[in-house]
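Residue numbers (our numbering), protein chains in the order written: chain A, -8 to 474; chain H, -8 to 474; chain U, -8 to 474; chain L, -8 to 474.
One thing to keep in mind: the hints can contain errors.
Pairs involving identical chains hold if they fit within one copy or between any two copies, as the list cannot separate such chains.
Straight-line Cα separation of at most 27 Å, BS3-like style, residue types lysine-lysine; simulated pairs [as the list claims (entries may be wrong)]:
| # | residue 1 | residue 2 |
| --- | --- | --- |
| 1 | Lys411 | Lys85 |
| 2 | Lys85 | Lys72 |
| 3 | Lys72 | Lys156 |
| 4 | Lys80 | Lys411 |
| 5 | Lys411 | Lys465 |
| 6 | Lys64 | Lys85 |
| 7 | Lys14 | Lys80 |
| 8 | Lys465 | Lys75 |
| 9 | Lys14 | Lys411 |
Source of the hints: derived by calculation from the structure; they are not laboratory data.
Protein chains: 4
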Amino acid sequence: MIAMKKSEKKSAKRLSTKPQEAKAWGGRFSQKTDPEVEAFTASIPFDFRLLPYDIAGSLAHARMLARQGILTKTEGRLIEKGLKEIRTKWEQGKLHYTPADEDVHMLVEKRLRKKIGTAGGKLHTARSRNDQVALDLRLFLRDQVRALSRELKTLQENLLATAQKDGGAVLPGYTHLQRAQPVLLAHHLLAYLEMFCRDQVRLSEAWRRINRLPLGSAALAGTTFPIDRRGVAEDLGFDGLAANSMDAVSDRDFVLDCLSAGSILMMHFSRLAEDLILWSSSEFDFIAIDDAFCTGSSIMPQKKNPDVAELVRGKTGRVYGHLMGVLTLMKGLPMTYNRDLQEDKEAVFDALDTIRQSTRLLARMMPRIRFKADRMKEATTAGYLLATDLADYLTTKGLDFRTAHRVVGELVARAIENGKELEALPLSFLREIHPSFGPDVSRWLNLEASLARRNSPGGTAPGRVRKALHAMEKKICRTDYPF
Amino acid sequence: MIAMKKSEKKSAKRLSTKPQEAKAWGGRFSQKTDPEVEAFTASIPFDFRLLPYDIAGSLAHARMLARQGILTKTEGRLIEKGLKEIRTKWEQGKLHYTPADEDVHMLVEKRLRKKIGTAGGKLHTARSRNDQVALDLRLFLRDQVRALSRELKTLQENLLATAQKDGGAVLPGYTHLQRAQPVLLAHHLLAYLEMFCRDQVRLSEAWRRINRLPLGSAALAGTTFPIDRRGVAEDLGFDGLAANSMDAVSDRDFVLDCLSAGSILMMHFSRLAEDLILWSSSEFDFIAIDDAFCTGSSIMPQKKNPDVAELVRGKTGRVYGHLMGVLTLMKGLPMTYNRDLQEDKEAVFDALDTIRQSTRLLARMMPRIRFKADRMKEATTAGYLLATDLADYLTTKGLDFRTAHRVVGELVARAIENGKELEALPLSFLREIHPSFGPDVSRWLNLEASLARRNSPGGTAPGRVRKALHAMEKKICRTDYPF
Amino acid sequence: MIAMKKSEKKSAKRLSTKPQEAKAWGGRFSQKTDPEVEAFTASIPFDFRLLPYDIAGSLAHARMLARQGILTKTEGRLIEKGLKEIRTKWEQGKLHYTPADEDVHMLVEKRLRKKIGTAGGKLHTARSRNDQVALDLRLFLRDQVRALSRELKTLQENLLATAQKDGGAVLPGYTHLQRAQPVLLAHHLLAYLEMFCRDQVRLSEAWRRINRLPLGSAALAGTTFPIDRRGVAEDLGFDGLAANSMDAVSDRDFVLDCLSAGSILMMHFSRLAEDLILWSSSEFDFIAIDDAFCTGSSIMPQKKNPDVAELVRGKTGRVYGHLMGVLTLMKGLPMTYNRDLQEDKEAVFDALDTIRQSTRLLARMMPRIRFKADRMKEATTAGYLLATDLADYLTTKGLDFRTAHRVVGELVARAIENGKELEALPLSFLREIHPSFGPDVSRWLNLEASLARRNSPGGTAPGRVRKALHAMEKKICRTDYPF
Amino acid sequence: MIAMKKSEKKSAKRLSTKPQEAKAWGGRFSQKTDPEVEAFTASIPFDFRLLPYDIAGSLAHARMLARQGILTKTEGRLIEKGLKEIRTKWEQGKLHYTPADEDVHMLVEKRLRKKIGTAGGKLHTARSRNDQVALDLRLFLRDQVRALSRELKTLQENLLATAQKDGGAVLPGYTHLQRAQPVLLAHHLLAYLEMFCRDQVRLSEAWRRINRLPLGSAALAGTTFPIDRRGVAEDLGFDGLAANSMDAVSDRDFVLDCLSAGSILMMHFSRLAEDLILWSSSEFDFIAIDDAFCTGSSIMPQKKNPDVAELVRGKTGRVYGHLMGVLTLMKGLPMTYNRDLQEDKEAVFDALDTIRQSTRLLARMMPRIRFKADRMKEATTAGYLLATDLADYLTTKGLDFRTAHRVVGELVARAIENGKELEALPLSFLREIHPSFGPDVSRWLNLEASLARRNSPGGTAPGRVRKALHAMEKKICRTDYPF
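Produce the complete structure using the sequences and hints provided.
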């Protein structure tokens, strides 16, 4: 993937102030574009970032034109050299733009013509900005999704390492934020690992839909030149061609695929963040996040806040918003390309930056969390977490589950009245509620035994969880998608 | 798939007014549920629709419990018989509910216990409503997505038939709603067919994610009973098991997968609808929709409105809204099941009803549209649609594309001044603008030739489009997913 | 407000199966509407609920027509009598519909014509369904917003009563879910009361925008009949006229105003719900919600879940979704009425039902919550909540706040190392950290003193809070809007 | 309002690379913040823009502290001088930041302490970043909403001028994008002016809710210092105080008010844009947008695209997205400040930039649109736009409206069969359909007469529209809100 941030930033600095040059499309126009319109419609402030992808696409296009004899070999070589020089300048942060450059495509073409003269004007043969921008965006997102997938894999690995290291701790599993049944920490963390596996699949599906070549669709109807689309697709590593030119220039499904997959991913992150925030509270006190991942208060000297988790949770809304924004902009657009489509880029750029940053931060933070096994265990001793076990016990004595459930319910009510936990109730007390209770009940009112008994596939029994960790290890390794 | 609408409606009618029965979970509680709370929390008014799926799941669960010896054979048989009778009553519209029944699971269990006594209380052994509702919803959505996929296939077939029958018409292709280049109607319609092919893939991906068995996860941590999850999965036709119990009871990704895929599908529909609405206007006048698919005005006697297309476009917002609603409700939920999750159902039910109805209506309407080839062709004669061809022509004379573009741009400006179309300009006029124009230019200023020349893969040349129609026919036939 | 639920439900039952009657707009049409189209486009299944508003509007319209001599007095009387009979039937649940009735307007007109013959056909003079439905929806929402405002007032009163009764309890105030500074429970609850006051203002603003008469705009351009719009506005209690007919028939701002205000209201509810859920957890254990407002688990006998709060939190997404849905449907609609607009109703109906139900449930639940003042107070004794006071103390000794903050920060770090709370540190220990600490520091390390010192306007000092409660009482009483 | 763009940009350029300085809150922390965490949590890259507001707030705070004797007069003067110098540097683009500066508040404080020493550390007495950032954002939005309101007023004025100049043109009014009835162009444009008047009211309501002082709430519970909040409120021009400190530091309703109002405004813009795009098409051809407001195609030399309108329409999604993003981030946040709230800023900044830019562009573009009155009029001659008049005519002959509607409906059907417009049908033909037609019918089949007859309040009759234009002129002048 192409490094870009540095040059982008540098470039934004020195905006050229040259008088407006003639537009490439200006032949039919009798007046200059209004400067505010120019600023309003210019995409160069954000699509400048696409430059290396634009050039990669142009190189492949030029090579093909030369192969097909649409350009002479000399023209082809000239263009190739020129484009590479422009890319180098961009990489060095020495390429600058003004709003009058409109967009990255025009910027590159203008620089090229300045460099190599007329031959530069031939590069745009047999293509349009409509198919060109679709190509650039697909090349960019291919890289982005691939990078995100790798970063997510790192998060999975770190989370797995945590589960392997600290996962033996026992804590209450919650439903409705009420203590429900004891679970292994590893089991809890594996739930998130499962989510991330589904996210990986979603990313790979999006990737596959991205990876189709739109170039050659030209403005909307194809081109009159004898081009070789398959050759370009091969050159650029695409799986195949976008099959219909009108669809190809107005299709943004692949952007929505990224945003949908990203929204679900961020939703998963927001849930993990919520758990971490709860666990960091004095009330839960299950974890301590490293100082390096927290910040303090400007007024309250004692505060140490789980800011990273909070921001990740908050940024979920941001990504949802971008999804909603692009869905809205696409709604009701007639065929084919409409300028509204330009609005797709900032949304998907910011969404991916946000998602990738959140992914990396969570990956870095996981190993810096200290899990307080003692506090977790303590929390399992209050709240009647073994009530279900007791009901199950009664079914082994022949009660149907509904009756067993009611009996234990009443028992819990009585225990609450008496301010006691189930383990603390004498057998005689139990037998008053129901005669089926026997001395063997103590074997069921035991944390370790309770865990061990949940030995169904997918359950929290230590043996099961051990196997699940191994299986997850393999699953993560296999995360090795078409890219 | 199980027909359900009729019985649902019937049942909603006669709400029983019996005094509140004891809750299955009431053992621990000392007070009755407040009746407004009961109404507020009850899901039975909407999940009643899930009854056949609930029973299918319970049948498989009971069979497994019997196989594993957790139930006796007799109990198993009794339960099976009882459940089937309940299902029959539901199918006949004779099963009724009150809010006190809470949800479809409790309704079925209560009826079963009434029918077969204690054995009915054993059905809930080794499961919880948390995994049960996840199962029901997956079974339901499996059917829904499969049905939608078939209905979409019908729409594809009808649209393809239209393209094959009427697709030879030539109309302007538009960008920015400005006439751009001439295209074949078939080419335009194929763009939508491409979109629908991607939708089919998305549906199949969602389907695959739906098709994992959550049952056996119990409340959140697995169960202490020696269950056989794989057996149940096989019995119910699932591809595999949800691997982690905590994830399984709180995972709603598969709902979001349906809503994401559905939102993109509706977006495609909204674009098709927009085209149909534009084409129905007096200004475009490219199509006439059959009277049977239009409605009139209560005040303006002459009106005939493309209501179906408008409603489909409007309903896009509805489906987006449901996606946003479920994304929002999932945001920041801690592990595991939280009652908020109950809100997933009405959203996905209404979304799928909306999408399926829209799909069916569009499928029915397509063959009832008359395409006015004359009007379409007429529209291609104004608006300088062959300007790109003229620029391409000049490149064959050695001009670079940029120069050629500028020359033709000026030519168009001059033509507008003179109120003439390009075809009507004498050669002398052209040569004044640029000497490269020769008498062979007339071969380029020709509609049919222009179409024929756009012969690149994906282009609108008649030969290409013919092949694309064949390829699409095969693609649609292959739409024959895991289901 | 008009009771409607009962009759609605009854009516939905017996769908007439009569053959399709001629449409009111059918003159120009040569074919019957396709039955699926009829079902797809019919709004009667949901706008049937608007019937009393439709009739109220028609009565006012008919009276005006008679006053203006457009109807004879006899015709006016006949129509009035007929409409009232239809309303009575509806109230009794004896009015039924079929999809062929299209919408509530056509249903009423058809019944009227059946009842009183030709004169019934004159009611629609000088109006269109376009302005009629805008009127009905405004009348309906006027009632709904008024009712919601009253229900919200009840919630405010109940919350205030709680604050007055239990508000003396001291609990940790939180930022970042970390204990921050001690606050009075009343102060915490007053924060929500402030939010609800803003909600009331928002509702009243929406109400004012709703309360403009659209009738008389006819289809889109006004009418040729000599109508008296002002008279109708007065008759129906509107503040004024929608000033432009084209705007009036396509304006749905007032729906969006309701949905925006409602979304923000639900967001507030979701925050209150979150606090209640946290406080119900074993970890916080600050409150006990009455059994009547909780439900249990089908498998875990000990569970008691704060379902109402969870569902309210979850339903937030639902209302957001409706807002997004209507915003999307309005986006890019050209002038004037488009059939898409029909989609506004189900969204706003469901949103208001949801919001009102949530409001009522929270209002009922507040008095049924037991606040555990002991547990709350206990929570203030750990977590260094008085650290800010200590920094403030040091500034009274001449340190600048930044230095004071750093000193106390280090003190806290040392206290954590030593496993002690600030109050437990001997003065010598404090003086080691900084010599400015004196024996008077103990007066600052005191919970009551800390509260009392936060005596700035808006602060949590008991005296301030007492005044704030009084002020809030008056504010709530004044909630007595234009309606 | 404070000019800021220039200095912002300049500053972003030269990022200092100094080693991390100690955090103001670092006393309790034993480790440095991780640099990626610093970058992730830093808000300085976007809240740097708030600097002049931060300083305005700090100046008022310092003045108050000095008045109250919490600072000495000298300290007060020193701080004031220092802050003003920092502001000057910012205005000159000479103030720079690094991510280690965290946020604009810390940046200012650090620079101040560097400048004036210890006294700088006293500025933060009696406040927290929690109330400070709420203040800054309110000051910023107060300016923004005021500026937007003025820009919207300019758009209203320009649109009104257009309506006054060109509004006499007659064009078809549309429903369902079908020609419905003739209207004056001024009448059509007045519909948008009505929308914008509602937008102005919404902005002023938002403004009023913004204009409450949160400062003095400190971290969450008020402060122990004897501050004077009312004095600060007066100094900064606030209408009053945020009444509850816990609410004040976590309230973002005012942000949502801006985003809701802005979303509805953009929805209106998207509808205007849609009309302009349709009217620019060859098919409608009702307007010509000045070259200066259009752009061309890189491949199709004849293209002239209404880009501004398209982008405005597309940007609607962007603003909706921000609304949804902030609603989502607020959902379910417990009391009080949570770091998630930091995410509000970029959303509301970008939304307001987008809305204001769109407003200005539309305002500039309106006077540069040429309305083609001839083309508009031509469009009214086909499509049976006078059919309603004909039905109204028949009611003057004693037919009830329903019968009249049916008669004219049939007439239209026959006219279509005969390929004729209504005006072209001989009286004998009319009388065949219904004997009530008389020779006076020709007076009704006349465009001007039809317009003139729609003389009800709000209708399109020229006299009415003239009055409406005057009324609108006054309404716009009165747009002169609390600010």
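Outcome of the hint check:
1. Lys411 with Lys85: So lysine 411 and lysine 85 fail the 27 Å test inside a copy (74 Å) and across (47 Å) alike.
2. Lys85 with Lys72: Cα proximity of lysine 85 and lysine 72: one copy only (17 Å, versus 40 Å across).
3. Lys72 with Lys156: The answer is neither: 54 Å in one copy and 50 Å across copies each exceed 27 Å.
4. Lys80 with Lys411: neither (75 Å within a copy, 47 Å between copies)
5. Lys411 with Lys465: Result: close neither inside a copy nor across copies, 45 Å intra and 46 Å inter.
6. Lys64 with Lys85: Neither, since 29 Å and 51 Å both go past 27 Å.
7. Lys14 with Lys80: within (23 Å within a copy, 38 Å between copies)
8. Lys465 with Lys75: neither (42 Å within a copy, 43 Å between copies)
9. Lys14 with Lys411: Between copies, since 25 Å is at most 27 Å while 83 Å is not.
Going through the hint list in order, the structure does not satisfy hints 1, 3, 4, 5, 6 and 8.
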